[in-house]
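Residue numbers (my numbering), protein chains in the order written: chain A, 8 to 439; chain B, 273 to 787.
Don't take every hint at face value.
Said to hold, decoys possible - Using 20 Å as the maximum straight-line C-alpha spacing, the simulated EDC-like pairs for lysine to aspartate or glutamate come out as follows:
1. B:Lys501 to B:Glu307
2. B:Lys764 to B:Glu739
3. A:Lys261 to B:Glu584
4. B:Lys464 to B:Asp434
5. A:Lys286 to B:Glu584
6. B:Lys604 to B:Glu592
7. A:Lys13 to B:Glu307
8. A:Lys261 to B:Asp651
9. A:Lys261 to B:Asp434
10. A:Lys261 to B:Glu739
No wet-lab data here; the hints were simulated from the structure.
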Amino acid sequence: MTFWKKEGTQKILSSLISILFGLFVGAIVVFIVGLCNERISLKGAWEGIRLIFIGILSTGRNASGSLTWGFNSANIGNMLFRATPLIMTGLSVALAFKTGLFNIGAPGQYLMGTLGTLFIALSIPSGSMPGWLIWILAFLGGVLGGMLWGAIPGLVKAFLNINEVLACIMTNWIAANLVTWAFDESNLKNMVEGTKSGYIYKTTYGLVDGTYVDGAGIATTKLGLNKIFPGSQINAGILIAILLAIAVYILISKTTLGYELKACGANRHAARYAGIHDKRNIVLSMALAGGLAAAGASLYFLSGNTEFFWSTYQSLPSTGFNGIPVALLALNNPIGVIFAAIFMAMLDIVGLQLTNLTAYNEYITDVIIAVIVYLSAFSLAIRMLIAGKAKKKALSKSDGPAPAAPAEPAPAVDLAPAADAAANTEKGGDEV
Amino acid sequence: MDDAPQYVIEMLHITKEFPGIKANDDITLQLKRGEIHALLGENGAGKSTLMSVLFGLYQPEAGEIRKDGKPVKINNPNDATALHIGMVHQHFKLVEVFTVLENIILGAEDTKLGFLQKKQARQKVEQLSEKYGLQVDLDAKVEDITVGMQQRTEILKMLYRDNEILIFDEPTAVLTPQEIEELMSIMKNLVKEGKSILFISHKLNEIMAVADRVSVLRKGRYIGTVNTKDTNKQELSNMMVGRPVQLEVVKEPAKPKDVVLHIENMSVASKLHKRNAVNNVSLDVRAGEIVCIAGIDGNGQTEFVFGLTGLEPLTGGKIELCGEDISKYSIKHRGMNMSHIPEDRHKHGLVLDFTLEQNMVLQRYQEPEFQHGGFIRFDNVRSYAQRLIDRFDVRSGQGPITIARSMSGGNQQKAIIARELDRNKPLVVAVQPTRGLDVGAIEFIHSQLVAQRDEGKAILLVSLELEEVLSLSDRILVMYEGEIVGELDPKKTSAQELGLYMSGAKRSGKEGETV
């Protein structure tokens with residue numbers, strides 16, 4: 008098998024092409040908006056286009072007012088920091104997809120993770136136990152909250168055969184209201200910094216003699232990453248997320264549990280026939296997905312430099328939903344999720360750069376991000392296109408047919424079963 | 273061939289290639305108006321590809337299609353429909369959540385101001401169904417009806433569209449002998465009305481009974497066309513397989529030993545109606561014998577097997593396997609002493625999106641040979657799959673890593689049979705193990721089952737095909753409306769007598785308690 012015909016190559020290539028395509032369309036949007044906006048000159052539009060593609064390397068403007076480029080440690084560090092929760096929600100959606108479930112409940116699970124994490128982190132008086140233990144308890148508490156929340160649609164699906172999408176959407180809003188209510192009733196609202204309202208204490212606040220003191224709480228260790236990326240919010244959370252992605256990859260592709268989960272997802276009836284507990288596995292799969300999404304919230308809020316706006320009953324965290332495009336872009340590969348999440352976080356940073364450095368306002372950047380995300384979701388279609396090309400090439404190469412020789416692997420097997428049935432049958436034609 | 277006949281469809285020198293393979297290599301097929309023309313060939317001979325070309329699903333690399341002598345270009349199924357070519361596919365193309373009526377009119381709906389005119393459609397379908405004796409419940413959802421009724425729905429779909437060239441792809445695979453006879457007379461009627469039929473089948477009996485001419489394909493090549501009245505079954509099967517084929521099952525008389533499976537008053541609830549689908553069934557299967565449950569499709573055989581294997585709970589009765597009461601055991605627990613070749617190989621038998629090797633260890637992945645500490649031992653899985661592939665001659669494009677979906681039906685079935693027989697359990701439950709397979713594959717599977725019997729396994733065969741029932745089994749139990757209505761000795765009975773039991777016209781004793 009040559010490099011270009013490998014399935015993996017085609018998958019990665021398809022995602023890269025769709026990303027480039029998305030960036031290209033984003034650039035066109037920037038250009039058109041620039042033309043329509045009298046405050047933006049042609050030069051401004053050109054700056055915008057360049058920022059869309061390589062905004063992550065922008066270092067601001069120099070004295071003469073033109074854009075400067077280079078390694079921007081703050082940007083890159085912040086990108087990795089923002090990617091952390093996205094990796095987790097992306098993993099959540101990807102794991103569910105791999106097992107045949109559509110987890111649109113990541114926002115709710117994320118919120119429940121936030122609830123569990125913040126309550127534990129802020130309720131344990133500082134000094135009563137080592138900080139690292141509080142951190143671990145808070146992290147696990149969040150994960151547990153997410154797992155329970157994810158298990159609900161799983162249970163409803165397994166035992167009542169109600170579509171998990173429906174149950175997820177409802178549990179999302181239940182979570183939004185539940186979380187708002189719980190924090191509203193709590194005494195975790197930030198009263199120290201009087202200028203802010205509606206925020207919960209950061210985890211750096213610790214409970215000392217009944218009052219919250221900044222610096223007495225906990226925060227994820229930086230592990231020296233802040234030395235590599237000075238000026239950024241980065242911490243060890245990104246490493247934990249990457250480790251978890253690898254763990255999910257191993258779980259799915261190397262273990263018997265992963266095999267069971269995939270079998271249930273791909274064909275529940277066959278799994279049952281083989282004696283696999285299909286119901287248990289559906290619940291387990293959703294619970295694991297919920298735990299992963301919640302872990303994203305835990306890592307985000309335990310960083311110590313993030314604040315939770317608790318009155319969230321009217322909106323769901325976009326990080327949860329963004330797990331879906333991340334998983335799609337990664338074609339549900341857990342390792343791919345790492346890169347897809349980093350890419351999404353990069354778009355975020357690029358948006359900020361665009362707002363800060365040019366006359367484009369922040370809302371246009373959201374539009375552009377949406378366009379890019381939307382087009383990125385086409386990676387599957389592009390994969391089909393590449394696979395089709397490869398097939399045609401194989402066809403034109405094989406002048407004399409050699410019926411006994413094993414047929415060239417047909418990559419898009421699941422997409423064109425009939426055609427590939429023929430292609431893959433060693434000695435016959437197709438199925439008759 | 274004659275010079276004069278009016279060919280309604282001609283496929284001349286069709287060549288269709290897929291990467292690495294010529295599925296059709298210079299094939300010529302000429303269909304006369306008003307004839308039944310059989311297309312005969314093994315799995316993978318290229319019959320379906322040829323029909324897909326005719327139906328516009330594939331474009332041939334070379335060759336020409338003529339309708340009434342004029343060249344036509346068929347780019348997609350719509351073109352085929354416009355030429356009044358209709359097809360009943362081997363794997364039904366029905367919308368599961370739609371009713372039978374909705375499926376029949378789908379794509380050819382009569383509308384008035386954008387509203388469906390179901391009443392007229394219903395009338396027309398009812399007329400057709402009465403005229404051709406195709407019994408269907410128009411308001412039942414397809415997912416709830418039997419495979420046999422789904423087939424009839426497909427045929428009605430074609431008739432509803434007034435097609436004049438009718439392609440039947442393995443239409444009899446799921447029908448009972450009586451239904452097959454009916455279908456045969458329907459086909460003859462259709463031909464009398466001037467329709468032309470292309471009849472794809474492996475079943476030599478049917479071809480001999482109904483077809484006027486037969487074209488034989490083998491491995492993508494055209495072997496020849498013969499008149500059925502000038503040939504016989506043996507000659508046809510030799511043409512098809514390319515070597516002399518054993519049409520009869522060769523086996524010694526059974527030497528039954530201890531009872532392996534003992535079922536007492538077993539009942540299973542029905543999903544379609546309030547009564548039990550399986551009612552008070554008692555039977556024994558001994559080591560070293562093949563016991564066949566015969567019956568018309570939908571008489572409780574499926575539910576019986578589900579109850580036995582644990583896919584559905586029992587509503588009453590007791591199952592003893594190897595002396596152990598397993599009626600409350602889980603599917604997995606029952607599987608310790610039981611292999612199950614399921615009726616529906618796509619639904620239960622295989623995870624189609626898994627590779628062949630993943631499918632080969634579907635029940636066994638937790639055995640120490642295939643996992644260590646929860647991690648799959650991929651090299652052992654690979655070598656095990658390769659061993660089964662070699663032993664059972666499962667053909668696929670990429671061996672163990674072939675996606676199951678891409679394999680031909682016959683090889684999918686062979687893979688399941690390889691997996692189940694290699695598990696080496698005292699009881700083998702085989703449900704329609706040869707459904708839709710060709711002569712060569714059937715010969716192989718039958719010989720495997722007989723070999724298992726001779727090794728001392730108890731074999732419980734569930735089959736709808738009379739020929740298989742009569743030739744393979746040592747004892748026949750007939751199931752009718754969920755009850756065992758008779759026990760027959762295959763050596764002393766006939767297809768006619770069996771048919772009478774199957775249709776409920778005859779039963780021995782009361783409540784089937786003779787068993």
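Of the numbered hints stated earlier in the document, which are not met by this structure?
Checked against the structure, the hints that fail are numbers 3, 7, 9 and 10, while the rest are satisfied.
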